[in-house]
Every structure is written in C-alpha cells, then in structure tokens.
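A.B. asks: Chain by chain, the residues run as shown.
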Amino acid sequence: MEPLLQVQHLKIYYSTAYGVFKAIDDVSFTLKKEETFCLIGESGCGKSTTALSIMRMLGDHARIEGGRILLENVDLLQLGKKELKQIWGKKIFIIFQDPMTSLNPVMKISNQIREVLIRKENKPLRKREVMERGMELLKQVDISDPKRVMDQFPHQLSGGMKQRVMIAMGVCLNPSLLILDEPTTALDSTIQFKIIELIRNLKTERKMSQILITHDFGVAAKLSDRIAVMYAGKIVEQGRYLVLLKEPVHPYTQGLFKSIVKPESKSAYLETMPGTLPNLSQLPKGCYFESRCKISKSICREHEPPLRDLGNEHLVACHQIDSE
Amino acid sequence: MGIPLVEIINIKKHYPLTSGFVDRFGRNLQTVKALNGINLAIYKGETLGLVGESGCGKSTLGRVILHLEKPTEGSILFEGKAIGEIKKRSEMKKLRKKMQMVFQNPASSLDPRMTVRQILAEPFEIHCRLTRKELENRIVSLLEMVGLSASDIRKYSGDFSDGQKQRIALVRALSLEPEFIVADEPVSALDVSVQAQILNLIKRIQREMHLTMLFISHDLHVVRFLSDRIAVIYLGKIVELSPTEELYENYYHPYSEGLFSSALDLNPEINFNKFRVKADVPVSQIHIPSGCVFQQRCPEAKGSCSQNSPELKEVSKDHFVACLWR
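Going down the list, the sequences are from chains A and B.
Counting in our numbering, the first sequence runs from 1 upward without gaps.
Counting in our numbering, the second sequence runs from 1001 upward without gaps.
Isolated chain B (complex conformation) (with noise of 0.2 Å):
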C-alpha cells in the first residue's frame, strides 16, 4: 500500500462541559466524547473515505488532523514527523501550507464581503512573494481550472451560487498545491445536479495532482465514487476498515450493515438486506457505554459486549473489523 503521509494514533478528543456536574475539586464529571481512541493510516496519493452519520466523530477527527484542533490524547504523524511536538511557528507555517481543508457549507466558508480576487490571494499573501502579475495570473488560471472565468475575480463571493462558491472553495484549498485536503462533506448541502458536476472535479483533481485526501461523507454512494479504502465510524471509534469494493461486496460490522441497509435506491423494488438497527435508542456522547460502543443499537449485542471493548482485526487481506462476533 505504500508510505503513509498521515498517522493517527491512539487519538482521543474530549469536550469537557462547562456547565453542569463537577466534583468537588472542580473538575468537570460530563464530557462530550467525540474521538476515542482512532488509529488510522493514510497512505501517499489515496483517497481513504470517512462515513458514519450525526455525532459520530468524523468532522472532528477531520479538524483534529490539521491540527485545528489538538487532540486530548494520541499523535498525528505527518510524513513520519508528530505535529504536536512541532514548537517553531515557522515550521508550523511550512507545514500548514501541505495540508489543507475543503469545508461543508460553501456559504459559510468564504467571506460573503471579500471579493474572489481578496480570498485567492489570501494563501498568497501568506506564504509566498509573488509579484502582482504573477499572483493575477496565477488566481486566473486557478479559476479557469474549476470552470470559472477571469471576470469573476472582481466579485464577492457573495454573488454566486452554492456550486460555484464550493468550486472556489475547492480552488483555495489547492492553490498552494497541497499533499493532503480533509474535505469535509463537500457536496452535502448542494443540489443533485450541481453535486455531480462538483464530484466530477473532484475526480478529475485527484486524477491530474495525485493528491492524497482524506473524504467526509455520510452518503455511502459518493464515498464510493472517491475512495480507494472506506473507515466507518461510530461514537469516535473506527469500526470497519477496507478497501472499497470489498467493503461494498462484504460488510462486516453491524454498523456498516445498517448503513447500507438503509441506503435507499432509486428503484422501491429493490430490497436490501433486512435493516436490523435498533432505531429509537437514545445515543449520547457523553454517555458512552463501557465496552463496544455500538452496543446498545446492535441487533446482535451479547452480554460480553458490554465489557469487552474490541479491537480492529484483520477479517480478509486488508479488510479490518471491530467485533467481537465478526
């Protein structure tokens, strides 16, 4: 599979609650528990697909990776070096121009009274010298490789729609020709039209710059069309692990069966494997049962289940599950 470019290791974020229970030492008693305890390699120039739904974790593990935000427990490992250790804000500039971020909500991620010009230039004016010209011709050739044309430079973000705000988006995160781009849930909140033209560049990026990506989704087909090897997460631990078409052919885990026996298909009369997850268990991350943490939603949990924790292990060449049962 090659040389990882990304290491996660033993990775654990927790959110203390500022209100509420404390003991009497004034410590917090409830903590929100996003991550706990993800390891996980990204290896050079694959696209690793994340799926899991609402409040599994994956956004944050996403934000944890680029070290916007540090991680209670555990180390990220970026070509072999720990990026908590790194003390230098200069290295830190050097490094934060490799990895890059392509955010869900398009409105949200651009400032609405910048103009295109002011946000492409922005990574720019970062971390490079270039001269007017070169800049100019360097933001027009940027937007000509999402679609856009050079009289778009002069207007506010503001102004466009959805797609065309998550092309410039995109084109940001690529400006400064990163090595690897978390792209959280990039095509969630647009239209199905508009979804697949951008699912199509991002295809035809991955194709042309080789670039290795870490891809959000909780939507199983577009994860499909990216991906090299899919994670499935559930309450901040990695459950499934395997190369895409495998995982498609041979789900292992409870979970992963609930996800693709829930996915709906274009034909009613087409029937999946019988949806077996148990639907109406209030799940909470503060709570999290001891033990495996899809336990309480699984068809199958036995009794052991709630005090052994399991491990990912290797099912079939590459394909890992954390099961006690599988």
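For reference, chain A alone in the conformation it holds in the complex (with noise of 0.2 Å):
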C-alpha cells in the first residue's frame, strides 16, 4: 500500500552556546494509510520534535540539517511560508497536550469553531449555520450539551472537555494526517479513557492516519498498529505494537518494559537500567545506549549500530542482535 508519509534520514540539530544539540538524528519511518504509528520514548528522546519537524513549528534555533519528510511524495521541508499554510489544517491537523494553550482563552468555543469551519469551506458562514454545524460536531465527540458549551470559554471547560473539542475541530477539518502529541498525558484517567476511544474512531470511522506521540505505553497499547521506540534522538527498535511487547529486542526497549509496574510487581523491587540519558551535545561514538546495556561490547563502543531487518516489519538498530 502506498504510503501516506515518509519521513527519511531526518536530522534536526541546535545550536546553543554549548554545543551542537543533536535533538534528531537520522530518524526514518514511514506512516500507511489508516494506520496509527506511535512514536514512544522518554523525555528528550526526540517525539515531540519529530512531531514539530513534520509540522514545520520548530523555533528559529532549529536547523534542519538534513532528511526529508515527504507527504504524498511532496517534501514538506521544502516547503515556503505559503504552500505550508495550505496544509496546515487542511493536510494535517495536530492536538497537542495543552488543550488550553491550543485554544484561544478570549474566544468563545463558538467563535473558534467558526474559525475551522471557515478553514474548511473557504468561504464566510452565517451565525446559524456555524451554531448548527457546531452543535453537531461536538455532538460527534459525545458533548451531550454543545448549545451550552458552544457559548463557553475554554477556561470554562475541564481538559477532557477542551480536548474533546480539539477533536472535534479535527473531526470538521478531516485532514489526512492527524499528528496527537500526549494527547492525554494532562487528563485524568477516567477522562483519558473517552478520550482514546474517540481517537481511535477516528482512526476506524473517518479513515484518518495518525501519528501519536507517548510516553505512556498504555495509551499506545490502545492505540498504536505500529510503534517506534526512540532513545537520545534515534529510533532504536520499530515494529507492530503486539511483536515489541511479546518480543522486545532492543536493550532499552526491554528495559522500559521491565521499569513499568505491573500487578505482578507488587512484592519484590523492579528491574532498573542503570545510568542516564547522554548529553546530547556530547553524544559517544558508537552506540547512544551503550554505556548502560548489559550485552555491550567493543564493537558498539566504536561504530553506530545498524539498522537490521527482523522480518514481520520489526527493525531493530544494534550490533548484538541478529537478523533473520
């Protein structure tokens, strides 16, 4: 199946007064159409970047040292000012964690719907019809009084009300691509539980790609098909959801598996990787992980591991692994 977007060989680095800050570097994947491809780390990993490189929303300090990210074989980082607002919105749509910081606090939720509507018709609606389509947007994200909220402030509203109302927003614009970066991280988990099922209706009813955004495997559990498992901004081990849980393979992968509590975890003490996250302004020579795997030796002191190919879609970056 074709692809809907292949993000290939991308590399993002800053410059600060300490050294050139590796956020990305060289990071591939491609997202299928209708499919949920999760990328999942740690923080400073580099998801939320990666996420903000396909939007173009990186700050000014952002170089794009090189890659390509190609949405329906049109390389976005090539883009100008102009041809990316035509996407936006209207290719590729993102709900970011914030739901307050999405939405504009001195507008009414009535008035920022008309804004979207007017994105998606490109022409002016009259109030009624904006109240009217409104309603039965929010409706579609199971708001059960949207006369009321329509009238309201985001302030007004909880998170999971607010994001709901993001998703609603998507739900009217109906891009292609819907990037969800910790779309529920701020929220309860009782909210957080709605929340994911109507994302993922998304994904099953109005045929919408996704790329979600998580530290949380959980929330990728319920959602992902595909997912990638990033460590000091590369991706380390990649596959379908089910493979990476049943079989890790990548040393850091294991060991997030393992660092999570279980019910099973009750009596004794977890198992920990030792260390921390490398500088990324002074990363090693070879291998990112090495100075905390278990199975290390020379070889991943001294070159970067690999990309090896584990069959069934399962790609795996280490030197100690075998392919098939």
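Subject to a maximum C-alpha distance of 16 Å in a straight line, what follows is the list of computed EDC-like cross-link-like pairs (lysine to aspartate or glutamate):
(1) A:Lys262 <-> B:Asp1219
(2) A:Lys258 <-> A:Glu271
(3) B:Lys1203 <-> A:Glu271
(4) B:Lys1278 <-> A:Asp188
(5) B:Lys1278 <-> A:Asp145
(6) B:Lys1278 <-> A:Asp142
(7) A:Lys262 <-> B:Glu1245
(8) A:Lys266 <-> B:Glu1249
(9) A:Lys266 <-> B:Glu1245
(10) B:Lys1278 <-> A:Glu197
(11) A:Lys266 <-> B:Asp1228
(12) A:Lys266 <-> B:Glu1246
(13) A:Lys258 <-> B:Asp1265
(14) B:Lys1274 <-> A:Glu197
(15) A:Lys258 <-> A:Asp216
(16) A:Lys262 <-> B:Glu1249
(17) B:Lys1203 <-> B:Glu1185
(18) A:Lys246 <-> B:Asp1265
(19) A:Lys85 <-> A:Glu121
(20) B:Lys1094 <-> B:Glu1179
(21) A:Lys139 <-> A:Glu197
(22) A:Lys262 <-> B:Asp1265
(23) A:Lys246 <-> B:Glu1269
Computed spacing ranges between beta-carbons, pair by pair:
(24) B:Lys1094 <-> A:Glu264: 35 to 45 Å
(25) A:Pro274 <-> B:Arg1154: 19 to 29 Å
(26) A:Lys294 <-> B:Asn1137: 26 to 36 Å
(27) A:Lys294 <-> B:Ser1161: 13 to 23 Å
(28) A:Ser267 <-> B:Ile1270: 20 to 30 Å
(29) B:Glu1125 <-> A:Ser267: 37 to 47 Å
(30) A:Arg63 <-> B:Gly1084: 54 to 64 Å
(31) B:Ile1270 <-> A:Asp142: 21 to 31 Å
(32) B:Glu1136 <-> A:Ser291: 26 to 36 Å
(33) A:Met107 <-> B:Ser1054: 19 to 29 Å
(34) B:Arg1154 <-> A:Arg63: 27 to 37 Å
Just so you have them, the derived chain B footprint on chain A, three or more residues with Cβ under 8 Å:
(35) 185-194
(36) 215-224
(37) 244-256
(38) 260-271
Simulated from the structure, these hints should not be mistaken for lab results.
Computed from a predicted model, the values in this text were never measured in an experiment.
In this text, a Cβ means the ideal position worked out from N, Cα and C, and glycines have one as well.
Dock chain one against chain two, each of which comes alone in its own frame, and use the hints as you go.
C.D. replies: Okay, here's the thing in structure tokens:
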C-alpha cells in the first residue's frame, strides 16, 4: 500500500552556546494510510521534535540538518510559508497535550469553531450555520450539552472537554494526517479512557492516519498499530506494537517494559536500567545506549549500530542482534 | 492493626472565593470545598495509599495532616495529641521533626540556587546542634543512601536531573529520621525508567526504616506497589478503604470501579470490566451536590443518592465502602 508519510534520515540539530545539540539524529519511518504509528520514549528522546518537524513548527534556532519528510510525495521540508499554510489544517492537523494553549482563551468556543469551519469551506458562514454545524460536531465527540459549550470560553471547560473540542475540530477538518502530541497526558484516567475511544474512532470511522507521540505504553497499547521506540534522538526499535510487547529485542525497549509497574511487581523490586540519558551535545562515537547496556561489546563503543531487519516489519538498531 | 500514629477526625477544608458572590454581610457565598469530612487512621509502620484524580482533595489532605494548612473543621491527632491545640512554638518545632513531606515536582521543591550541602544542612541547622564535621559526615551518608556521592555536595540543585532531584528531596525529608512521611505524587513527574529507580528506593527505605507513610498518587499500579492499605478519595470524601490486595480483587464503590476499569494495560487484548462512569459531566468543587458526592457521574445513581450522604461501612474484614447500595 502506498504510504501517506515518509520520514527519511531526518536530522534536526540545535546550535547552542554549549555546542551542537542533536535532537533528532537520522530518524526514518513510514506511515501507512489508515494506520496509527506511535513514537514512544522518555523525555529528551526526540519524539515531540519529530512531530513538530513534520508540522514545520520548530523554533528559529532549530536547524534542519538533513533528510526529507514526504507527504504524498511532496517534501515538507522544502516548502515555503505560503505552501505550508495550504497544508496546515487541511492535510495535517495537530492536537497538543495542553488544550488550554491550543484554544484561544479570549474567544468563545463557537467563534473558534467558526474559524475552523471557514478554513474548511473557504468561505464565510452565517451565524446560524456555524451554530448548527458546531453543535453537530460537538455531539460527535460525545458532548451531551453542545449548546452550552458553544457559548463558553475555554477556561470554563474541563481538560477533557477541551480535548473533545480539539478532536471535534479535527473531525471537521478531516485531514489525511492527524498528529497527536501526548493527547491524554494532562487528563485524569477516567477521562482519558473516553478520549482514547474518540481518537480511535477517528481512525476507524473517518480513516484518518495518525502519528501518536506518547511516553505512556498503556496509551500506545490502546491506539497504535506500529510503534517506534526512540532514545537520544534515534529510533532503536520499531515494529508492530504486539510484536514489540511480546518480544522486545533492543535492550532499551526491554528495559523500558521491565521498568513499568505491573500488578505482578507487588512484592519484589522493579528491574531498573542503570545510568541516565547521555548529554545530547556530547554524544558518544558508537551506540548511544552503550553505557547503560548489559550486552554491549567493544564494537558498540566504536560504531553506530546498523538497522537490522528481523522480518515482519520489525527493525532494530543494535550490533548484538542477528538478522533473520 | 496496631496503634494509630495519625488520626484524621472529621476534617473539612473549605476555601472561600474572594471574588464573586457575597451576601449582605460580606460573607463569601461561594467556597471551594476541598475536603468534606474525612475520617481516617494511619497505623504505625504502615503505608496508606491515597488514590484519586485531580480535584479530589488528596494533596490538600496531605498538607492539612502536616499542619501546613489549618483545617476549617475537625482535628488531626499525632501520637494521640491534637496538633491544632499545640500553642508553644517549641512543642510545634519538636513535632515538625517527626513528620515530613516529599513533593511531586522535584524542580520546584528544591531551591535551584542552593547547593546540595545547603539544602541538606538546613534541617539540621534548624533542629540540632552538630559540629561542622558531624554535619558533613551526616550529609555524605545521606547522599550515599540514595546513590549520590560526596562530590555532589558542592553542586547546585538546579544542575541535577529530575530523578536525582527527587532523591535529594527524599533524603532531605528523611534526614532527621521522622516517624511519618507524606509523599505527594513523588514519582508522577518522572520518566518511566527513573520512576522505577525512585520506587525501588522508597521501597527499600520503607523496609529499612520502618516508616509510616501516606502515599498519594493517581496511579493505581504505583500505589499497589508500595501500600499496605488504600483509601480512594472523591470530591473530598473517602469512598472506599481497604487492604491493598483485597481492593484489587474486590473493589465495591462505583468510583473505584471506574478507576480500575479505566486503567490501561500494556496488552491491548486485555479488557477490564466495562467502563461505566459518566465522563462528560461538569464537576465542580464549589457546587457539590447534597447527598452522595459521586452521584452526578455514577452509573447506578438512584433517587435516594441525592438525599442521603453515605458513610463508610464495613463490607468485609477491614474493607469499608461509602455507598448506599453496596
């Protein structure tokens, strides 16, 4: 099947007073149509930077050091402002972690939905039509009192309600690609559950391809088809979620799964990984995970690990794993 | 179960809103009712987990227990003595040594412009008289207890990672060998791999120091890992209280059911019980309904739920539920 998005050898570096900070260092992955691809990892791994690169929303001090991001065969990294404005909201839409900063705090919900409707239709709309269509959209995200919500300001809504409004905007715009950057992290678990259902429906019912950024494996489990585990700006392992869950191959992936508190953890201690993330402006020569790895050998200190294809869409970057 | 170290008796904490509606006497008509009648005992040597979502009052309860905030009503007893009735500063100071807190956000609970030495010396400077050498030795042994080293003494707290900061905060709380610790979401702000390290550390300290602890969290799995008993709190009331394993096998309250059924497993093929809590109802700590606090979101609310406020009643050994129907 024709892929929707192809990220090829992406490198995003930041120049700082302390040196060059390699936020993303040669990241490649493909998003298929009607698939949810998840970038997962801990703070500093580069997952949010990747999402923002696709949206071309990185700050001025970020340097696109290399690579291409192909959306339907057009390289997003080569587009100018004018062309990007055609894509934002139409082909790609992003939902952030904190809906308070995505929604305009001084505009009522009805006016924010009007903006989205105008973007979609490319023409001005009458107030009545905005209200009717807006309420219809809010109903589709299970808001039971849409009339009241249309008339409110964002600060009058709870976190979960605000995220539903964002999802409703996504429903309206119907982009080919939806990027979700930690969409439920700020929400309570009983609210998160419902929001995850809504996000899943966007894929199954509205055929929206999704890139999901999260640090939470529970969320990844419920939403992802394939995942990529990131560490220090690189993808260390990628493949179908269930495959990685049952047989994680990279020592970092294995370490992450073991660190997660599960019911069985009760009376024992958790298995932890020693050490911490390397300094992204002073990265080692070979494998970035080497200093924390139990199976590393001298080759790991000398050379960056190659990407090995284990078959079944399962890829891993490690010297110590044999290919099929 | 032993002797209670801390007794929480009918604690209420209401915050008046300073703007908004006032009556003709200038009294605030609107208050945020964070705690609405909490009765709980924490026994010596146990870790009591306190679980609930945002706005339920768990952090407020932690602060009220430690007398960081005065309750609107009710009292806290520590070793049988009412904290609110202590008038002498010297007596209060002695009490403060015995109970300490670890906060959620490591970055804001440590002063980034203080060195580790200054941070860890502070409790001793307030409460003891130690020689310079004694102090230095104590600080180094505290650091080593949590996997840091003597060379970290001179560094500023702002130079450390979140995980390391949380270790410093932990060891600061333990430095005067308190009897009781309130840990308010100590690992929520940490990455998974760091969280595991800190949880192991807390477990080790629990076992070695026989601490009594109130462990506050929104994460069921984390609470289970460390707690002997668990209290579930919603809108300022305890809705369920039970020994840990018993709760995980037999939760009774509809809100507990909601928490458990919304917990996400790593395996997407595992489905917990059907999730039934109403999720889009606006919930306010200002307008708490009369009767049961959970009625607006409860899938099983009936007429009498708005008339009668259920109290905790025992449903099986040491297991209490506040619901008219369970």
